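Undergrad: Sequence:
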Amino acid sequence: MLEKLRELGIRDDLIREITEYRETYPVEQEYASRIPKLEQFYYGKEVWEQAITAILCGENILLAGPKATGKSLFAENLAGVFARPRWDVSFHVNMDAASLIGMDTFRGGEVSFRPGPVYTAAKAGGFAILDEINMAKSEAMAVLHATLDFRRTIDVPGYERMELHPATRFIATMNYGYAGTKELNEALVSRFVVIQMPMISKESLIKLIRKHYPDIREEGELTFMFLELHKKCENGEISSKALDLRGLLGAVGLMEKGLDIFTALDMGITNKTFDTYEQTLIRDTIRTRISKKMVKKDLFVK
483 MLEKLRELGI
493 RDDLIREITE
503 YRETYPVEQE
513 YASRIPKLEQ
523 FYYGKEVWEQ
533 AITAILCGEN
543 ILLAGPKATG
553 KSLFAENLAG
563 VFARPRWDVS
573 FHVNMDAASL
583 IGMDTFRGGE
593 VSFRPGPVYT
603 AAKAGGFAIL
613 DEINMAKSEA
623 MAVLHATLDF
633 RRTIDVPGYE
643 RMELHPATRF
653 IATMNYGYAG
663 TKELNEALVS
673 RFVVIQMPMI
683 SKESLIKLIR
693 KHYPDIREEG
703 ELTFMFLELH
713 KKCENGEISS
723 KALDLRGLLG
733 AVGLMEKGLD
743 IFTALDMGIT
753 NKTFDTYEQT
763 LIRDTIRTRI
773 SKKMVKKDLF
783 VK
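For what it's worth, the working numbering labels the leading residue of the sequence shown as 483, then goes sequentially.
Don't read these hints as lab results, they were simulated from the structure.
Because the structure is a prediction, the values reported are computed rather than measured.
Even for Gly, the Cβ is constructed at its ideal location relative to N, Cα and C.
Hints are all accurate, no fakes.
Label-pair ranges, simulated between beta-carbon atoms:
#1 D631 - L484: 22 to 32 Å
#2 S773 - G718: 20 to 30 Å
#3 E541 - G702: 35 to 45 Å
#4 G590 - S554: 36 to 46 Å
#5 A669 - Y641: 19 to 29 Å
#6 R504 - N576: 28 to 38 Å
Sequences are here, hints too, so could you generate the full structure?
TA: Right, here's the structure in full:
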């Protein structure tokens, strides 16, 4: 991973400090399996340098931005680069403080404390990924205020007050405008440094497609098509439902297996929205960018 950072042009002094960080805070063997083994890499030099600097300075990070900007992938990449065990916390309406910190449980004939993901990450020096943080209930996040600010402690009622491991970091992600999301309060946002995640560039999208499908011969039309959908989404012509990077990669996989190109794009992109008028707009955009004559042998070497 460090070699990939060098290829991306990340400064040598930052890479050297990452190495020192990993050596200073070795991971206990029982948590080693939680260190991500990265198969995908986020391409974006400026975002990498911002995040690396923030982590080295002891800051927690909030990755904000629209759909298909790679927030979850980048959070996983950060844990992999710094060689930290990762705990994922996906927020939903039923997530409460006990689910984050831990709760009492009956075990072996007695009541004992069962630690939650935030408590365990804080104790082990891991990276806790707080996914879709703007879907969390305020009372659930209030318990983390002392954890996320300068106090860096977790106070478990009825148990001990624990100091966070110095390597522990919290990386939150949030999308705009999803059903069930809300504005974050100022007290919570002030405990993070915020990185606005940009839309994937044409060059990075080509690299990503080629990484997944090295036998692809011509990805230019697919790339332009996806970027055109993004432009229409920004202009309010279509919703963000079809702006699905995972869907695009999935569609390319279906094409490689021999499925008709437009059928694959319907399954991976167009059908992500259930509004027939919007589906028509998306299909029209696809057909203006993808040649009707294109078949599998035009896309793939084999």
